[in-house]
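> This is what each chain is made of:
2 protein chains.
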Amino acid sequence: MRARAASVQAQLEAILLAWGMPADLAAETAQVMTDTDLAGIDSHGVGLVPTYDAMRRAGQLRLDARPRVLRDGVATALVDGGAGLGHPPAAFAMRLAIAKARQAGIGAVGVVNSHHFGAAGWYAALAAEAGCLGLVTSGTRTLAMVPPRGAMPVLGTNPIAFAAPAGEEPPMLLDIATTAAAANKVRAHAMRGKPIPEGWVVDADGAPVTEGEAAVAQVFAKAEGGLSPLGGAAAGHKGYGLGLMAHVLAGTLTGGSFSPIRLRTQAKDEPDNIGHFMLAIDPGAFRPAGDFAADMDAALGVLRATPAADPGQPVLIPGDPERAARAERLAQGIPMPEALVAQIRAVAEAAGAPFLLVAAA
Amino acid sequence: MRARAASVQAQLEAILLAWGMPADLAAETAQVMTDTDLAGIDSHGVGLVPTYDAMRRAGQLRLDARPRVLRDGVATALVDGGAGLGHPPAAFAMRLAIAKARQAGIGAVGVVNSHHFGAAGWYAALAAEAGCLGLVTSGTRTLAMVPPRGAMPVLGTNPIAFAAPAGEEPPMLLDIATTAAAANKVRAHAMRGKPIPEGWVVDADGAPVTEGEAAVAQVFAKAEGGLSPLGGAAAGHKGYGLGLMAHVLAGTLTGGSFSPIRLRTQAKDEPDNIGHFMLAIDPGAFRPAGDFAADMDAALGVLRATPAADPGQPVLIPGDPERAARAERLAQGIPMPEALVAQIRAVAEAAGAPFLLVAAA
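In the order they appear, the protein sequences are chains A and B.
Counting in my numbering, the first sequence runs from 1 upward without gaps.
Counting in my numbering, the second sequence runs from 1001 upward without gaps.
Just so you know, the hints here were simulated from the structure itself, not pulled from any lab data.
Every value quoted in this text rests on a predicted model; they were computed, and no experiment measured them.
Heads up, some of the hints might be wrong.
Stated by the list, open to error - So the derived list for chain A, only partly shown, Cβ under 8 Å to chain B, looks like this:
1) L17
2) D205
3) G206
4) K238
5) G241
6) D295
7) P307
Stated by the list, open to error - Cβ-Cβ distance ranges computed for the label pairs, FRET-style:
8) G1312/B / A214/A: 21 to 29 Å
9) E224/A / G1312/B: 15 to 23 Å
10) T51/A / A1006/B: 55 to 63 Å
11) P208/A / G1312/B: 18 to 26 Å
12) R1326/B / D205/A: 24 to 32 Å
By construction, the Cβ of each residue, glycine as well, lies at the ideal position given by its N, Cα and C atoms.
Pulled out of the complex, with its shape left as it was, chain A reads as follows (with noise of 0.2 Å):
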């Protein structure tokens, strides 16, 4: 099935109110999470409404909780997640660095205590929407990346996204995990017998494992080994780096926890107090915004002037893709598996909300 969009955020919206969640905050979720799904990221998007109701479930989610400012200074601020999902005091904290961007030139804003906050990028391109440049990374619930010389897993896929504003062109929009590949990658690989790539995911030897099944049970399945930081074999103590830098941006300055520490101890129903890190600069406290934006489309501009490996295949700019994938899903619908759709007519239904997906045409 190919859902229409306006379907799809329609019953994200109808879920998270049934679940409890204010009003203003659920019609924002829902459109995050379905400019998620839009921009392909299928990872992100309404494909997770199973696992947050699991969770709420579990008492680990708290769907009624609202961000508050618990620091507020003159360029930097904390806000309190409330143990809520992660969107609403994401979306508040990047609003809130933007207002201080504007006064101060620049905005740093921490959130702790909250969860899964869906796509890293769309926080980011918040700030470019305003003018502004973003940066943003994230802490993560579970434990996905073996360092370099590890046997075990002990980072997530802490993302960081990164957009600036230009003129004519559309904005930059960097959204990566700091692992070579995401989870949900590798599992696609191997649905299609795909040979998974060296340095994608290694064993408890460190060793890479590139064949299929092989590889998703590594990753999904077995507590040793996983996935490779970003760099892979020969230079995976970047991606490693960077990994860490989200965290400690994201976790370590907010007060959120550290997943290979929170684990050891935490109860069922305990709250992930996952950190986020919201920066926004405005570029006019450096130098003329226009000149700026100019100077942005002048180097898009050469950018995708690349010559290109296959004059078919042109040089993209960050963000290309997933608005390409906006476009084309904004017109044929975002693709759901059946199996999700029967999911979410079985949540919508034991929430008490109306199942309102709707076919493309």
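Using the hints provided, position chain B relative to the given structure of chain A.
Positioned in the frame of chain A, the structure of chain B alone reads:
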């Protein structure tokens, strides 16, 4: 020859003074360059003296420049490097960012009209020594990175450095090029007859070049092809985006040049106008500084205790290899090939500076 570190520093200071650099800036630049060699980053320290000399003679470098504040805000500033070497304005800018962080919680200082500044990590470490988190990126002079799908290089090896202080543990210090490998690392592999790992170097068709001599030619001699971004063939869009982020913060935000545009029109004696970006964050703006330090210690301790694939090779913290190199080189001296020693002797003589290098005991 392994030269005593103190003699390398004295030699650098004498040459820089003879070139007309103000005494305080010559002392600091000699310190930055010597620390970089001590950290094992031979490509960014004393080995650059002949390159700096050639640029100075070509009129591209104004050695008598003194950094000057162009714009000053509560949490941001822009510094003019005066077309001199990048070390003085970069250190000046990070100190200014730290001072702003102490007042406003965060400080971001850009540098424009600068030049090569050595290793980005030195400036990030400055923030950590002052109890702040530090983030540094830089523009670059040359073209090196071929973007995914591209046939020609359009970005440099634009670095990202990040440092964070801890309590009992030494600071975390990450300092990476956003290419899969540094150009000099390709040369070092080729010289030792080692094959070049796939994902480091590509030709004009985007195909991997793994034979040593061919890879060196591709990187150093040919206009087409070059270094792959961090992530290589499977995830090069990540390194490409990170490299562009480094340039946007350091170059576009400050008014620095973008190499593929500058190189089209630059006169031989025209300064390169490289930009840098310095960010400092005071953890005390977010939570009690002692709590931050304690959580850093806990996280770094967990990472060190990661079960290792080979128990004789424990998992490291970003910064450990540089600290180990420093201890070894302070004791044993800084390795300097005879050819470099001869070059330094010639540069010193031509500048009217004494030759001061002394072998370590």
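> Lying within 55 to 63 Å: is that true of the beta-carbon distance T51/A to A1006/B?
Taking Cβ atoms as reference, T51/A and A1006/B lie about 59 Å apart, which means the hint holds.
> Answer holds if the nearest beta-carbon of chain B is closer than 8 Å to that of D205/A; otherwise answer violated.
holds, 5 Å
> Under 8 Å is the threshold here; is the Cβ of G241/A close enough to any Cβ of chain B for the hint to stand?
Constraint on G241/A satisfied, holds at 4 Å.
> Cβ-Cβ distance between E224/A and G1312/B: within 15 to 23 Å?
Hint holds: Cβ distance 18 Å, inside 15 to 23 Å.
> For the hint on K238/A, just tell me whether its beta-carbon gets within less than 8 Å of chain B.
holds, 5 Å
> Let's test the interface hint: is any C-beta of chain B closer than 8 Å to that of G206/A?
holds, 4 Å
> Is the shortest C-beta separation between L17/A and chain B less than 8 Å?
violated, 33 Å
> Does 24 to 32 Å hold as the CB distance between R1326/B and D205/A, or does it fail?
Given range 24 to 32 Å: holds, Cβ gap about 31 Å.
> Regarding P208/A and G1312/B, is the given constraint of 18 to 26 Å on their beta-carbon distance met?
Taking Cβ atoms as reference, P208/A and G1312/B lie about 21 Å apart, which means the hint holds.
> Have a go at the D295/A hint: is there a Cβ in chain B nearer than 8 Å to its own Cβ?
Holds. Min distance 5 Å.
> Quick one, is the P307/A hint okay against chain B at 8 Å, beta carbons?
holds, 4 Å
> Using the Cβ atoms, figure out if G1312/B sits within 21 to 29 Å of A214/A.
Hint holds: Cβ distance 26 Å, inside 21 to 29 Å.
Consistency note: the structure conflicts with earlier hint 1 alone.
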